[in-house]
Amino acid sequence: MRNFFLLIGLLIATAVCAQDKPINNKGVETDLLAWRIGKFPESFYIGGWYGYKGFKNSIVVGHFNLVKNHLPDGFVSDKSTILNLRSEYFFNKKYKHFYLGPSLLFEHATLKSEKGYNQKLNYFMAGISTGFLFNIKNLVYFGPTLVAHFPLGNHKYIFAPGDDMPLPWSLEPGFKIGISF
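Note that the sequence shown covers residues 39 to 219 in the numbering used here.
Note that these hints are calculated values from the structure, not bench results.
On a predicted model such as this, the values are computed, not experimentally measured, just so you know.
Please note: incorrect hints may appear among the correct ones.
To be verified - Below, a list of computed lysine to any residue pairs in the SDA-like style, where the Cα atoms sit at most 20 Å apart:
#, residue 1, residue 2
1, K64, K153
2, K117, N176
3, K158, I217
4, K134, K77
5, K150, V98
6, K117, K153
7, K64, F128
8, K194, K134
9, K64, N160
10, K64, V98
11, K153, I120
12, K150, F129
13, K194, N160
14, K131, K194
15, K150, K194
16, K214, F113
17, K153, L205
18, K131, N176
19, K158, P204
20, K134, F162
21, K134, I97
22, K214, N160
23, K64, K194
24, K194, G154
25, K117, K194
Stated by the list, open to error - If you anchor each label on the Cβ, the simulated ranges turn out as follows:
#, residue 1, residue 2, range
26, P110, N176, 23 to 31 Å
27, K131, R74, 17 to 25 Å
28, K106, I174, 17 to 25 Å
29, Y161, L71, 21 to 29 Å
30, L138, F78, 44 to 52 Å
31, D111, P211, 38 to 46 Å
32, V99, V178, 33 to 41 Å
33, Y161, L138, 33 to 41 Å
34, G200, K131, 17 to 25 Å
35, D111, P79, 38 to 46 Å
36, F172, P110, 28 to 36 Å
Heads up, the beta-carbon is just placed ideally off N, CA and C, and yes, glycines get one too.
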């Protein structure tokens, strides 16, 4: 009987020790390349996320007073505020390496064209987000990202009355860095 309890104890101890350590499933992140498009310190880009079973659901907010070389063609100023919702699936349950998922972006932009026309735009864009993340001790992560967004609806950039252009789609490379806890 004593051997039976020793064997059961050994099996339980082995099973308990073999379990994975808890995975950090929440965090804060930013995209280092996003900061370059706005004037510092007026611009920011930061988000938080919660992970569950390989899915990382995040919300990102940002405000940009765009620098000259990142303005849309035909505009002299652009102040944009964004809200980005993403749900990325990681093929590794520890939220590292390759991921892929949908992205929904809302943007409020106040634009001024070279012709002096002021415009306020509110629009949604849908797209896909992908990338590859490296972890350092399940605490800090970093890696390249790529997001493609396509405008929803029939919104237009207006340079002057009668002079407009449909919103373009966007392909945005990035470099994500964050902390998980």
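Status of the hints after comparison with the structure:
| no. | hint | result |
| --- | --- | --- |
| 1 | K64 <-> K153 | violated, 46 Å |
| 2 | K117 <-> N176 | violated, 36 Å |
| 3 | K158 <-> I217 | violated, 35 Å |
| 4 | K134 <-> K77 | violated, 31 Å |
| 5 | K150 <-> V98 | violated, 25 Å |
| 6 | K117 <-> K153 | holds, 17 Å |
| 7 | K64 <-> F128 | holds, 14 Å |
| 8 | K194 <-> K134 | violated, 38 Å |
| 9 | K64 <-> N160 | violated, 30 Å |
| 10 | K64 <-> V98 | holds, 14 Å |
| 11 | K153 <-> I120 | violated, 25 Å |
| 12 | K150 <-> F129 | violated, 43 Å |
| 13 | K194 <-> N160 | holds, 11 Å |
| 14 | K131 <-> K194 | violated, 41 Å |
| 15 | K150 <-> K194 | holds, 13 Å |
| 16 | K214 <-> F113 | violated, 28 Å |
| 17 | K153 <-> L205 | holds, 18 Å |
| 18 | K131 <-> N176 | holds, 12 Å |
| 19 | K158 <-> P204 | holds, 14 Å |
| 20 | K134 <-> F162 | violated, 29 Å |
| 21 | K134 <-> I97 | holds, 18 Å |
| 22 | K214 <-> N160 | violated, 26 Å |
| 23 | K64 <-> K194 | violated, 37 Å |
| 24 | K194 <-> G154 | holds, 16 Å |
| 25 | K117 <-> K194 | holds, 16 Å |
| 26 | P110 <-> N176: 23 to 31 Å | violated, 40 Å |
| 27 | K131 <-> R74: 17 to 25 Å | violated, 33 Å |
| 28 | K106 <-> I174: 17 to 25 Å | violated, 36 Å |
| 29 | Y161 <-> L71: 21 to 29 Å | holds, 22 Å |
| 30 | L138 <-> F78: 44 to 52 Å | violated, 31 Å |
| 31 | D111 <-> P211: 38 to 46 Å | violated, 19 Å |
| 32 | V99 <-> V178: 33 to 41 Å | violated, 21 Å |
| 33 | Y161 <-> L138: 33 to 41 Å | violated, 24 Å |
| 34 | G200 <-> K131: 17 to 25 Å | violated, 55 Å |
| 35 | D111 <-> P79: 38 to 46 Å | violated, 27 Å |
| 36 | F172 <-> P110: 28 to 36 Å | holds, 33 Å |
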